[in-house]
Every structure is written in structure tokens, then in C-alpha cells.
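Trainee: Single-letter residue listing:
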Amino acid sequence: MRIATAKETYIADEGLLTTNTQRAWMIVLALVLALAPFVLNAYWLYLACLVAINVASATGLNILTGYTGLVSLGQAAFMAVGAYAVAFLDGHLGTPFLLNILAAGLIAAAVGVLVGVPSLRVKGLYLAIATIAASFILHFVFTNWVSVTGGMSGVNVAPARLFGIELASPFALYFVIVPVTALMVLGAANLFRTRIGRAFIAIRDRDISAEVLGIPLLQYKLMSFALSSFYAGVAGGMWAYFFRVVTPESFPFATSIFFLAAVIVGGLGTILGPILGAAFMTLVPELLKYVVEWLGPVFPNAGAALSPVRTIVFGALIIFFLVFEPQGLAEIVRRVRRFFHLWPFKT
Amino acid sequence: MRPAPGPLAPAHLAVSGLSLSFGGLKALTDVSFEVRPGTITALIGPNGAGKTSLFNCISGFYRPREGYIRLDARDITATHPPARAKAGLARTFQNIALFKGMTVLDNIKLGRHAHMRTNLLEALFYWGAARREEMDLRAEVERRIIDFLEIDHIRNKPVASLSYGLQKRVELARALAMRPRLLMLDEPVAGMNREETEDMARFILDVKEEWGISILMVEHDMGMVMDISDHVVVLNFGKVIAQGPPVEVQGDPQVAAAYLGSGNPAELMRRLSAIGEAA
Numbered sequence: 008m009r010i011a012t013a014k015e016t017y018i019a020d021e022g023l024l025t026t027n028t029q030r031a032w033m034i035v036l037a038l039v040l041a042l043a044p045f046v047l048n049a050y051w052l053y054l055a056c057l058v059a060i061n062v063a064s065a066t067g068l069n070i071l072t073g074y075t076g077l078v079s080l081g082q083a084a085f086m087a088v089g090a091y092a093v094a095f096l097d098g099h100l101g102t103p104f105l106l107n108i109l110a111a112g113l114i115a116a117a118v119g120v121l122v123g124v125p126s127l128r129v130k131g132l133y134l135a136i137a138t139i140a141a142s143f144i145l146h147f148v149f150t151n152w153v154s155v156t157g158g159m160s161g162v163n164v165a166p167a168r169l170f171g172i173e174l175a176s177p178f179a180l181y182f183v184i185v186p187v188t189a190l191m192v193l194g195a196a197n198l199f200r201t202r203i204g205r206a207f208i209a210i211r212d213r214d215i216s217a218e219v220l221g222i223p224l225l226q227y228k229l230m231s232f233a234l235s236s237f238y239a240g241v242a243g244g245m246w247a248y249f250f251r252v253v254t255p256e257s258f259p260f261a262t263s264i265f266f267l268a269a270v271i272v273g274g275l276g277t278i279l280g281p282i283l284g285a286a287f288m289t290l291v292p293e294l295l296k297y298v299v300e301w302l303g304p305v306f307p308n309a310g311a312a313l314s315p316v317r318t319i320v321f322g323a324l325i326i327f328f329l330v331f332e333p334q335g336l337a338e339i340v341r342r343v344r345r346f347f348h349l350w351p352f353k354t
Numbered sequence: 013m014r015p016a017p018g019p020l021a022p023a024h025l026a027v028s029g030l031s032l033s034f035g036g037l038k039a040l041t042d043v044s045f046e047v048r049p050g051t052i053t054a055l056i057g058p059n060g061a062g063k064t065s066l067f068n069c070i071s072g073f074y075r076p077r078e079g080y081i082r083l084d085a086r087d088i089t090a091t092h093p094p095a096r097a098k099a100g101l102a103r104t105f106q107n108i109a110l111f112k113g114m115t116v117l118d119n120i121k122l123g124r125h126a127h128m129r130t131n132l133l134e135a136l137f138y139w140g141a142a143r144r145e146e147m148d149l150r151a152e153v154e155r156r157i158i159d160f161l162e163i164d165h166i167r168n169k170p171v172a173s174l175s176y177g178l179q180k181r182v183e184l185a186r187a188l189a190m191r192p193r194l195l196m197l198d199e200p201v202a203g204m205n206r207e208e209t210e211d212m213a214r215f216i217l218d219v220k221e222e223w224g225i226s227i228l229m230v231e232h233d234m235g236m237v238m239d240i241s242d243h244v245v246v247l248n249f250g251k252v253i254a255q256g257p258p259v260e261v262q263g264d265p266q267v268a269a270a271y272l273g274s275g276n277p278a279e280l281m282r283r284l285s286a287i288g289e290a291a
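Protein chains in written order, with this note's numbering: chain A, 8 to 354; chain B, 13 to 291.
Incorrect hints may appear among the rest.
In silico contact screen, one side only, chain A against chain B (beta carbon under 8 Å); selected entries [stated by the list, open to error]:
no., residue
1, Gly-194
2, Asn-197
3, Glu-218
Keeping only pairs whose Cα atoms sit at most 27 Å apart, straight-line, the calculated DSS-like set for lysine-lysine is [unchecked claim]:
no., chain 1, residue 1, chain 2, residue 2
4, B, Lys-112, A, Lys-130
5, A, Lys-14, B, Lys-169
6, B, Lys-251, B, Lys-38
7, B, Lys-112, B, Lys-169
8, B, Lys-98, B, Lys-220
9, B, Lys-112, B, Lys-98
Keep in mind the hints are simulated off the structure, nothing from the lab. Model, not experiment: these values are computed from the prediction. Cβ atoms here follow ideal geometry from the backbone N, Cα and C, with glycine treated the same way.
Modelling step: build the complete structure from the supplied sequences, incorporating the hints.
Mentor: Set out below in C-alpha cells:
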């Protein structure tokens with residue numbers, strides 16, 4: 008039962024965490040994230056970094072698709088722009104690691120604004136097609152602008168260096184990737200407490216009355232595109248330092264669909280949604296791998312027989328969530344929280 | 013905390029020689045009228061008379077073929093809707109245009125958008141100026157608008173869960189948050205029961221008196237129009253057929269003809285009072 012949450016100031020009422028229970032859980036989460044690298048083995052650390060990178064990108068796509076209502080299938084291409092930007096800056100100019108990541112975000116944001124220009128005229132499926140077209144154009148650029156992108160063979164990226172320390176292992180990179188992602192999620196949460204976030208939601212819900220309220224549609228749609236692709240660019244930059252090679256096939260079109268699916272499965276238009284969605288989409292295939300291994304002793308040859316089944320189970324899980332939880336995983340969390348707010352008086 | 017801004021000067025709206033056509037269809041022909049500062053002007057007429065087209069011209073969705081629209085001394089005929097909002101024009105919609113995915117409080121806060129300054133970077137960090145601006149807004153919305161319209165019990169509810177009458181009231185709240193100098197209400201009491209209608213009429217009068225805002229409204233509820241407006245403009249087939257104080261307009265044979273098909277003002281008066289009692 009949740010009691011004694013009366014607030015005396017508007018600042019307290021508009022905070023991100025409004026109850027002590029929430030604050031306590033947030034501290035627990037921060038501790039778990041800080042201590043995880045010392046407990047997890049290399050493989051799970053690798054997965055943790057990958058989840059964090061995907062969370063950053065999915066959060067960006069959620070700002071555009073979940074909150075502003077502009078469907079985009081170009082998120083992977085924007086990530087690729089960020090990754091190539093990092094590869095180029097690191098290889099040719101030798102600028103510092105964190106600056107490169109920031110620059111990757113800004114360059115991707117500039118490309119995002121260009122891709123977003125049609126959004127004033129076209130919406131929904133038509134805009135989705137326009138972003139697909141843009142991602143194929145970008146793919147063509149990556150393949151053919153050999154002097155910058157290295158063509159089909161791609162470019163190698165040197166290990167990141169921060170304060171003279173080489174960050175080559177997932178263990179070292181974890182301490183950069185996870186805090187950067189956390190900051191980006193915090194930024195998104197802050198955004199939707201201010202006039203700009205409200206304007207995005209207004210455009211999604213009813214663009215005509217948004218305009219009457221004094222929200223210039225083109226400016227805000229482009230801002231949403233810029234921000235979303237900034238997130239993708241930073242995520243792509245971190246990806247480049249993590250995998251240390253970028254080719255045109257690093258970010259196939261299917262990756263864009265992966266991110267859209269992650270945002271939908273997690274919950275459109277919620278801060279928690281893309282976090283849960285990206286974790287789900289990244290980890291479930293791996294967990295299914297373990298399930299197949301455990302089944303090995305019971306069903307001999309399980310590995311060979313069940314590997315294809317794994318993909319089908321993964322697809323079926325996504326459909327299951329779309330049908331039974333259309334609001335996404337975030338809604339399940341909300342329902343659990345509501346249960347404990349009222350427990351034990353109403354269950 | 014910064015002091016709440018003082019009362020704004022009510023605006024004077026002048027519409028002159030306005031004509032609008034869609035292809036060959038003439039929606040409006042040479043429409044001229046004005047809303048004097050601090051008064052309630054009602055726009056009435058049978059269905060299809062061009063009231064909503066006129067509203068859409070004034071709020072900037074349609075570009076008239078001829079004529080001009082002036083807010084005080086400023087010609088706003090060709091400005092975009094967001095610029096009109098900044099100039100002090102606010103409106104509500106006939107079929108409620110609230111943002112369903114947001115709470116009542118956020119909907120109202122949205123009204124202030126054009127008067128706020130927080131930029132993207134400040135918004136992401138929510139530091140200093142951005143936080144202060146949000147808190148000032150919250151305090152003002154609570155004190156001036158939520159209290160005034162008696163909607164404090166629903167402030168954190170999602171808009172979609174509210175009754176029709178309350179949604180209309182939230183829409184009025186949002187328009188007030190825009191700090192308007194001219195408020196345009198498109199059928200503020202359509203579909204409301206008698207109690208809700210009386211509440212809304214009281215709020216509209218209070219807005220005029222306490223906030224000192226000029227009001228232009230389209231309304232079919234004749235009882236309310238005749239009760240609270242200072243000036244009535246009657247449209248039929250896109251033309252102004254009569255205008256003046258409510259009593260004069262009620263007695264105009266042309267108005268009776270437009271509504272009843274016969275030119276008998278007494279009959280119109282009788283029917284209007286019957287409607288008023290039935291409502």
C-alpha cells in the first residue's frame with residue numbers, strides 16, 4: 008500500500024521519482040549496474056554492452072515514433088552514419104574518444120534533419136517508406152564513397168582511449184557505454200517534463216490543434232528527427248568502438264525493423280518501454296540458446312533440431328506480446344506497480 | 013517567484029470584406045463585422061451558413077480570397093496559425109481537440125507553449141531556467157486556471173477518461189493558458205445538459221469580466237446566445253444578414269426567415285423561448 012506521498016511543493020510533484028520506494032529501487036538499480044562488471048563473465052558483459060547500445064538507439068527512435076508519432080525505418084542507417092563518423096574522425100583526425108562520440112551524434116542529427124524534411128507533407132506509412140528510401144540511399148553512399156567509408160571492406164577502428172587508458176575489452180567499455188546510455192535515457196525523461204516534449208506529444212495526438220496552440224509543425228518534427236538520429240548516432244559511435252570495424256553490412260535494413268519492434272514490444276511513448284524492449288529483443292534469442300542447450304541431455308540432437316525452432320519461438324513471442332499486451336512490456340510493469348500501491352486492500 | 017502577469021488588454025478584431033470559396037462553391041461572401049474589446053460577440057446561423065469556415069479563416073486554416081482580418085492594428089490575414097497564437101488568438105474546437113494521450117494538467121500547460129522559451133538543450137538537462145519556467149507555469153496554471161474552472165479534482169487524470177462536459181471545460185482551460193486577448197469558442201455548450209450549459213455560460217461570463225478577454229463564439233443554443241452576448245452576427249449562405257444587440261437581432265424578419273422559412277419574428281421568439289425551456 009502506498010501512503011504518505013503528499014507533496015508540499017510543485018517541484019516535488021513534478022520530480023521524476025516521486026516516492027521513496029521509487030528512489031530506493033533506483034539506488035538498487037544503480038548499484039547493480041555498477042557492480043555487474045565484476046560479477047559477469049566476458050560473454051554476459053558483451054551482451055550487457057550490446058543491450059546498452061541498443062537501449063540508447065531505441066530510446067531515440069521512441070522519441071520520434073512513440074512520442075512524436077512519426078514512423079521511421081531509418082534508425083539503423085542513422086546508427087551507421089554515427090559509426091562511420093567515429094571511424095573517420097578516429098582514423099583521420101585522431102580526435103579524442105568522447106568528442107568523437109558526440110560528433111557522431113551531431114553528424115547523424117544533421118542527416119536526420121535532411122531525411123525528416125518530407126515529414127511535413129507525408130505521414131504514417133508514406134513517411135515510413137520515405138525513411139526506407141533514405142536508408143537505401145545512405146547504404147549506397149557507404150558502399151561507394153570509398154575514400155571515407157572504405158567501400159565494401161569497411162574501416163577498422165582503433166581501440167578507444169580515455170585518459171591514457173586503452174578501452175578494448177567489454178569490461179572497460181562497459182564503464183563508458185552504460186553511463187552514457189543512462190544519461191541519454193535521463194535526458195529523454197527530462198524532455199517530456201518540458202514544453203518541447205509536450206509539443207512532440209501534441210503533434211502525435213492532433214497536429215491541427217497543436218498548430219493553433221502555437222507549435223510550428225515543421226520545426227518540431229525536424230527537431231524530433233534530429234534528436235532521434237542524435238541518439239542513433241551516439242549509439243552507432245559506441246557500437247563502432249565496441250566492434251572496432253564498420254562495413255556497409257554492419258547495419259542492415261533488418262536492424263531498423265529490430266529497433267521499431269523493440270520500441271513496440273517495450274511500449275510506445277513511455278521511457279521504460281524502449282529499455283525493456285531493447286533488452287528483450289537482444290537477450291531473448293540468447294536465452295533461447297541456453298534453453299536449447301539445457302534440452303540437450305533430454306532430447307539428444309536438440310541443438311541441430313531446435314536451432315531453427317529458436318527463431319520461430321522468438322517471432323511467436325513478439326506476436327504474443329503484440330496480441331496480449333499491445334501497450335508493451337512497460338504496461339506490465341505499470342500494472343505490477345499498481346497492484347502494490349493498493350495491496351493488500353484491493354488485488 | 014516571478015509575479016503573475018497583470019491583465020492583458022482585450023483585443024479588437026475587425027473582419028472586413030471577407031470572401032472565401034472552395035472551387036465554385038462560395039463559402040463566404042463579403043463578410044464584415046467586428047468584436048469590440050471586452051465584449052462577447054456571438055456568431056449564429058443555420059447549418060452550413062459558413063460559421064466554421066469563418067472561424068477557420070480567423071484562426072488561419074483557410075486563406076480568404078478577398079478581404080482582411082485585423083487584430084488591433086495588425087493585419088493577420090496571411091500569418092500562420094502559430095504566429096496568431098503568439099499575437100493573442102486562442103480557440104476551442106467544435107469536436108473537442110484535446111490531446112488524448114496526456115493528462116489534464118499537461119493539456120493545459122500546452123496552451124502556454126508559444127510564450128515559453130526553454131530550448132532543446134535546456135529541456136534535456138532540465139536545469140536552472142528550464143526548471144524555473146516549468147515551475148512558474150505550474151504555479152500559475154494551478155492558481156489562475158485550475159482553481160477558476162473548478163477542475164482541481166481531475167488534474168492528473170488522462171483526458172480520455174473524462175465526461176464530455178469536463179473535456180469542454182479542459183479545452184477552455186487550455187485556451188486560457190494561451191494568455192489570449194481574443195478567445196474563439198466553437199460551440200462551447202453543444203451536446204451539454206442544462207446544468208453543464210449553465211456552468212459553461214457562467215465561466216464564459218467570468219472570463220469576460222475577470223480576465224478582460226474579448227470573446228467570439230459560434231453557438232446554436234439560442235437561449236444562451238441571447239442571455240450572455242453583447243453583439244450577435246447572423247450568417248446565412250455565407251453572408252451577414254443581420255447584426256446588432258441580441259434583442260434587435262431576435263426581432264429581425266430576415267433572421268426569422270433564415271431559421272424558420274417564414275418572416276414572422278413573433279413566431280421565432282415563441283420557438284426560441286420554447287427551446288430555452290426545453291433545454
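Trainee: For the pair we were handed, Lys-112 of chain B and Lys-130 of chain A, check the Cα-Cα distance against 27 Å.
Mentor: Holds, at about 19 Å.
Trainee: CA of Lys-98 of chain B to CA of Lys-220 of chain B, is that 27 Å or under?
Mentor: holds, 20 Å
Trainee: Measure nothing beyond the straight line between the CA atoms of Lys-112 of chain B and Lys-98 of chain B; if it is 27 Å or shorter, mark the hint as holding.
Mentor: Cα-Cα ~24 Å, so holds.
Trainee: Holds or violated: Lys-251 of chain B and Lys-38 of chain B, Cα atoms, limit 27 Å.
Mentor: Distance of about 10 Å is within 27 Å: holds.
Trainee: Taking 27 Å as the top limit, are the C-alpha atoms of Lys-14 of chain A and Lys-169 of chain B close enough?
Mentor: holds, 17 Å
Trainee: Measuring from the C-beta of Asn-197 of chain A to each C-beta in chain B, is the shortest one below 8 Å?
Mentor: holds, 4 Å
Trainee: Decide if the proposed pair is consistent with the structure: Lys-112 of chain B and Lys-169 of chain B, CA atoms, cutoff 27 Å inclusive.
Mentor: holds, 11 Å
Trainee: For the hint on Glu-218 of chain A, does the least C-beta distance to chain B fall short of 8 Å?
Mentor: At 4 Å from the nearest chain B Cβ, Glu-218 of chain A passes the 8 Å test, so the hint holds.
Trainee: Interface hint check: Gly-194 of chain A, Cβ to nearest Cβ on chain B, cutoff 8 Å. Holds or violated?
Mentor: Holds. Min distance 4 Å.
Every hint, counting from the list given before, is met by this structure.
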